[in-house]
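Below, each chain spelled out in residue letters.
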Amino acid sequence: MTSQTSYKPKLLWLQSITCNGNTHSFLNHPDLASILSHFELVYHPVLETPFDIEEMARGELECDILILEGSFREEGFTRGRVEVSKILEAYAKKAKHIISAGTCATFGGIFKEYDPENISGFCFNVEERTERYEMYASKLISLPGCPIHPKWLSYVLLMMLKDKHIPIDELHRPQELYGITVHTGCARNEYFEWKIDTKGFGLKEGCLFYEQGCQGPYTRGSCNKILWNDTSSKTIVGTPCFGCTEPSFPKTALFSTKTNMGIPATMPLGVPRRAYLTATGIAKSFKIKRLEERIITYDS
Amino acid sequence: MIVRELIEKIEGEAELDFTFNEGKIEDVRISFAFYRGIEEILVGKDARDALVITPRVCGICNHAHLIAAVKTIENGYENAGLKVELSNKAKAIREFTLSCELMQNHMTWFYMTILPQLEKLLGEASGENHALKASYFSSTITKAMSIFAGQWPHSSYAVPGGVTCDPTYVDVMQAENLVDESIRFYEEMVIGMPIDKYLEIDSNAFLYDLDGDLARVLQLIGMNEMADIGQSHDRFIAFGDSTLFKAGKSMKTRVYSVDANYVEESVQQGTVAKAVTYKHKLYEVGPLARAMVSKEPMVKRLHKCYKDSILTRVFARVHEVALLLSHSKELLQNLRLDEPSCSLGKELIVPDFEGVGAVEAARGSLIHKTTVKEGLIENYEIIVPTQWNLSHGDDRENGIAIEAMVGSSSTEEATFIFRTFDVCSVCTAQ
Amino acid sequence: MKITEKKALKRESIIQTALQLFSLKGFHKTTIPDIAEKLQMSVGNLYNYFSSKDILAKEIIKYTSEVLGNEIKTVNMLDVSSEEKIKKIVELYFRMAEENPERIEYFLRVYLANREVFHDGCEGMTCVSGFVTEIMIFFDDGVSSGELRDQDFFSAFGLFMGYLGGMVFLNGEEMLTKDIGEYTDDISRNIYAALKA
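Here the protein sequences line up with chains A, B and C, keeping their order.
Using the numbering used here, the first residue of the first sequence is number 1, and each one after it goes up by one.
Using the numbering used here, the first residue of the second sequence is number 1, and each one after it goes up by one.
Using the numbering used here, the first residue of the third sequence is number 1, and each one after it goes up by one.
Bound conformation, chain A alone (with noise of 0.2 Å):
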């Protein structure tokens, strides 16, 4: 059954200061002949729309649905030769949703750290709300995200499409996605239970976050839960979590794990350190040969 008779919302993509990854990663998606099915695409930096960027530019085409992507500046950033400040202005008053997509469009991202001062995400400046979360907090919906994952997008369009509530925190950020660490689900979990660090880069054995700077265990994501190109993740193929999804990212020294005296200096989500350290203790006074152990042996 086709939406043919039912309304189709407007959506409207607008860029400010970004790299395009989260305009690439949709457009990744694999079902998404299916998704656009459902929308009136008005405005988009690479797919074919009705209406050119300059047009789009003056602010008066109609839009349901607006979806941010970069971060923002006041002024000295324009696009269609029009201050993106302006066009901002201009959809968000009529939109009836607010999609921030991307961590530098929801928190400032990496481009932030040009020009700390003047630039930040659309309605958080890291974690602090901006001037504009007073005026559009009931319309937006954070998706934070280096970039973000094509089906994080998808399930907020469709549940807007169908008028649902999206149960979101206090970032905005729908709890279905957010609501979860990137260790939830990590091919590794088993090393993480056990306190066996990977030593070193390229083994499928061992866990990241005792010295590679896997930021998994205090990152909010689902990204060993949704699948990164329906097939994997950083973490499944050796490569530490670098927390793109939190108001922080980038920190610094993101291939290894700040510790003090070889204690992790960031606890796993809510897990007090006292808790973290009895268990760690204990786990480490165990020696659990099988995973110790390389899984498989090739002849060579």
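Some clues are possibly wrong.
[Claimed, not checked] Examples of chain C residues lying across from chain A (beta carbon under 7 Å, computed):
| hint | residue |
| --- | --- |
| 1 | M125 |
| 2 | V132 |
| 3 | D140 |
| 4 | S144 |
[What the hints assert, rightly or not] Below 20 Å or equal to it, Euclidean Cα-Cα: the simulated EDC-like pairs (lysine to aspartate or glutamate) are:
| hint | chain 1 | residue 1 | chain 2 | residue 2 |
| --- | --- | --- | --- | --- |
| 5 | B | K133 | A | D230 |
| 6 | A | K258 | C | E147 |
| 7 | A | K251 | B | D46 |
| 8 | A | K258 | C | D141 |
| 9 | A | K251 | B | E378 |
| 10 | A | K258 | C | D152 |
| 11 | A | K199 | B | E85 |
| 12 | B | K120 | A | E54 |
| 13 | A | K251 | B | E347 |
| 14 | A | K199 | B | E339 |
| 15 | A | K151 | A | D230 |
| 16 | A | K195 | C | D152 |
| 17 | A | K251 | B | E78 |
| 18 | A | K199 | B | E347 |
| 19 | B | K120 | A | E48 |
| 20 | A | K284 | C | D120 |
| 21 | A | K289 | A | E190 |
| 22 | A | K287 | C | E116 |
| 23 | A | K289 | C | E123 |
[Stated by the list, open to error] Pulled from the structure, derived: some chain C residues nowhere near chain A, Cβ distances all over 12 Å:
| hint | residue |
| --- | --- |
| 24 | S51 |
| 25 | K85 |
| 26 | K88 |
| 27 | E91 |
| 28 | R109 |
Derived from the structure by calculation, the hints contain no laboratory data.
For each residue, glycine too, the CB sits at the ideal point set by N, CA and C.
Add chains B and C to chain A, keeping to what the hints say.
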């Protein structure tokens, strides 16, 4: 008379000022207005953070930046006296994932930009939703890539000494299957014939017997007398070495070696994009350049007739996908899983170094340079392919893309010529 | 008083009595009947609380670790410098050595010296985690505030605890020329000098 146009859908925008004289374009000024400052953002960071930050220069060619960054660090280590040996497995995996991105980029350009724009220019709308074809190919090939790299966009799975992944044959078989599916798509949609038969074509005449969307584009260009437009200085360069691409420069079809130390960047008036030259000369980079440097027969045959026109340029980019598909299969088939994935430990081994890394990204040579002191980045430079093609030139000669556009009689046609270079605004403006 | 509270007190008194007897007669020479007799309870009843001497031995080390750990935790929760905290930890450790010598003695002379009793059920840090966790927290706070140097945990731990344990051992052998409490200032200063950033 100067006509100013804002060009969009080039991974961002650019302002083009066309100077007309007696109905023909005699000069073009290209300007990019906004600089995001990644090079400055990198200063003071841990050297390996470049593996995370530099991909964020660009949402579509981020993997190329990752490989360039890791090669830069490895080159730095070597300059400081540490021997860095990558296993064949690690090298092959890196080549494979980078090839996947090149293919994704080319097909996205072909179906989301070139085909729709050409149809619009010539009023030959086909009514097909070409974008969805690109999306299908893209999601398939990036799946294969993510088996090793974890995700696309924005993987950081290449680290000094190798890669972080430790694949199994389950992984490799799955990747091979996805490459086969991508080949099937290419055969059905793009060339309309089996890829083996396609790669054996030994005469230009047979190109016009192709079926599929490549044939459509070649025919549209040919039938509308556009086969010779967009010619430039016929001078090509490539710096990235791999088992498929060779580094070198090609001038009047003769090939010479190159040394990245002779690459120079310079500031240009009225734009944040810097110009790039090699020994003070301008060169084209990209698939056509790679084909000319490695003397790829099918491209050279076309080049013989049409020089570096849009026909040759467009063909070279789509043709490169065929080469990459077939090469990727080989890389996977020859993968030795018992070799180590990463030969270096987890610490940043050398605290002070200077390094340079070059790779062939989709749009051409990508070069990173860095100076690291006490483990922290003191300086980082990124030279992107689009900078080469869009350099303004000087009194002696026009820039590559500008020369290609000069002589055109409409901004629409000139804009199309511009797009055949697969311009990337975010990379250029960093 | 609830039954569980009574049981907990009884358990504690068994542990205290065992500690004293181990200190007086030695670990191997003290038997379960000895302990039961001192407490005026039946051996059968004692076995209800601890089903073997080995299990009692392990429970004692857990108990003394908890007690010591809780005292260190109180110091950790204070809003004072690491230098101050070192002094307070040294103080409480030496105070315990003076007021309840059997506890630290048990650790030095029974736990460390009879590994075969503890290797199964008290692997690694399992039974001393109450105390080790608090030392970890002390170090973590010190390094993150910048007062202590970041170094390998065991280097720092060995320095701190080995030093204190050594002093208590010498005290137990009656080799120190002063009361152990009088060494507090010097020891604290030495430890701080070695650990500070």
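Hint check:
1. M125: Nearest chain A Cβ about 4 Å off; hint holds.
2. V132: At 6 Å from the nearest chain A Cβ, V132/C passes the 7 Å test, so the hint holds.
3. D140: 4 Å, holds
4. S144: 5 Å, holds
5. K133/B - D230/A: Within the cut-off at roughly 18 Å; holds.
6. K258/A - E147/C: 16 Å, holds
7. K251/A - D46/B: Roughly 10 Å separates the two Cα atoms, so the pair holds.
8. K258/A - D141/C: 13 Å, holds
9. K251/A - E378/B: 18 Å, holds
10. K258/A - D152/C: Holds. K258/A to D152/C sits at ~13 Å (cutoff 20 Å).
11. K199/A - E85/B: At roughly 19 Å apart (the allowed maximum being 20 Å), E85/B and K199/A satisfy the hint.
12. K120/B - E54/A: 18 Å, holds
13. K251/A - E347/B: 18 Å, holds
14. K199/A - E339/B: Holds. K199/A to E339/B sits at ~17 Å (cutoff 20 Å).
15. K151/A - D230/A: It holds: about 10 Å lies between the C-alpha atoms, which stays within 20 Å.
16. K195/A - D152/C: 17 Å, holds
17. K251/A - E78/B: 28 Å, violated
18. K199/A - E347/B: Holds, because 10 Å separates the two Cα atoms, which is no more than 20 Å.
19. K120/B - E48/A: 11 Å, holds
20. K284/A - D120/C: 15 Å, holds
21. K289/A - E190/A: Holds: K289/A and E190/A sit about 13 Å apart, inside 20 Å.
22. K287/A - E116/C: 18 Å, holds
23. K289/A - E123/C: Given that 20 Å is the threshold and the Cα spacing comes to 15 Å, the pair holds.
24. S51: 22 Å, holds
25. K85: Per Cβ check, K85/C is outside 12 Å of chain A; nearest 15 Å; holds.
26. K88: For K88/C, whose nearest Cβ neighbour in chain A is about 19 Å away, the distance exceeds 12 Å, so it holds.
27. E91: Non-interface label on E91/C holds, nearest chain A Cβ at 22 Å vs cutoff 12 Å.
28. R109: The claim holds: R109/C sits with its nearest Cβ about 22 Å from chain A, beyond 12 Å.
Checked against the numbered hints above, the structure breaks only hint 17 and satisfies the rest.
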